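Colleague: Take the sequences, apply the hints, and build the full model.
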Amino acid sequence: AQTVTQSQPEMSVQEAETVTLSCTYDTSESDYYLFWYKQPPSRQMILVIRQEAYKQQNATENRFSVNFQKAAKSFSLKISDSQLGDAAMYFCALMNNNDMRFGAGTRLTVKP
Amino acid sequence: KAGVTQTPRYLIKTRGQQVTLSCSPISGHRSVSWYQQTPGQGLQFLFEHFSETQRNKGNFPGRFSGRQFSNSRSEMNVSTLELGDSALYLCASSLAYSLQETQYFGPGTRLLVL
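Each protein sequence line maps, in turn, to chains A and B.
When we follow this note's numbering, the leftmost residue of the first sequence carries the number 1, and every step to the right adds one.
When we follow this note's numbering, the leftmost residue of the second sequence carries the number 1, and every step to the right adds one.
Please keep in mind that the hints were generated in silico from the structure rather than gathered at the bench.
Only a predicted model underlies this, so the values are computations on that prediction, with no experimental measurement involved.
Just so it is clear, CB atoms sit at the ideal spot from N, CA and C, and this is done for glycine as well.
Please note that the accuracy of each hint is not assured.
Dumping the calculated DSS-like pairs for lysine-lysine here, alpha-carbon to alpha-carbon at most 30 Å [stated by the list, open to error]:
hint: 1; chain 1: A; residue 1: Lys55; chain 2: B; residue 2: Lys13
hint: 2; chain 1: A; residue 1: Lys73; chain 2: B; residue 2: Lys57
hint: 3; chain 1: A; residue 1: Lys70; chain 2: B; residue 2: Lys57
Chain A is faced by these chain B residues, among others (derived, beta-carbon under 7 Å) [what the hints assert, rightly or not]:
hint: 4; residue: Gly40
hint: 5; residue: Gly42
hint: 6; residue: Phe45
hint: 7; residue: Thr102
hint: 8; residue: Phe105
hint: 9; residue: Gly108
hint: 10; residue: Leu112
Here chain B is said to cover these stretches of chain A; the calculated rule only asks that three of the stretch's residues, wherever they fall, bring their Cβ under 8 Å from a Cβ of chain B [to be verified]:
hint: 11; stretch: 43–55
hint: 12; stretch: 70–77
Modeller: And the structure:
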């Protein structure tokens, strides 16, 4: 069975600072995809960033980047220059063999 | 391009009733997936349809069913509603055959079962 663990239920960051959200996962497959989704109070899930397991290079999308450690099965999200609009629930997700699993989420608060 | 739309946005039902939720994917997307989100269980995958065929199903009872039409619009039906079915139901669409493609989520339907 595939599992995704987000060990930080809540995180807080000062505006303009950097924060890292943790995610670990477990899968027996070698080919899979990892995602970070953001869910603001509007409840709509928004894709933040995606990483293919076969790619060694860490994905980057503007202020968002990941630290993908395949051997350690770790997939952390770094948000640089945090903005008030980054405040949301962040979900880490693992997809493989058409099965998708989500972590429990991390609630990020951004302080002005 | 319009995003994924879901109707209705909010719904109140009583135990034992049935409900049908609708999802219209982004134009050109042929894969539609459904998810249930609750405070206790988090986000869970329900099922996925591609070209009117259900390809994948999560670990949910048979009361949860879905179908997809030729225009890729999808409906989810829950029969004999239980209190525990109260949740936010999200649908997501993607272009390609595989769930590994990027999914775009709708705003969700909030279902309350009394």
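Colleague: Going through the numbered hints above, which ones does this structure break? Give me the numbers in ascending order.
Modeller: 1, 4, 10, 12
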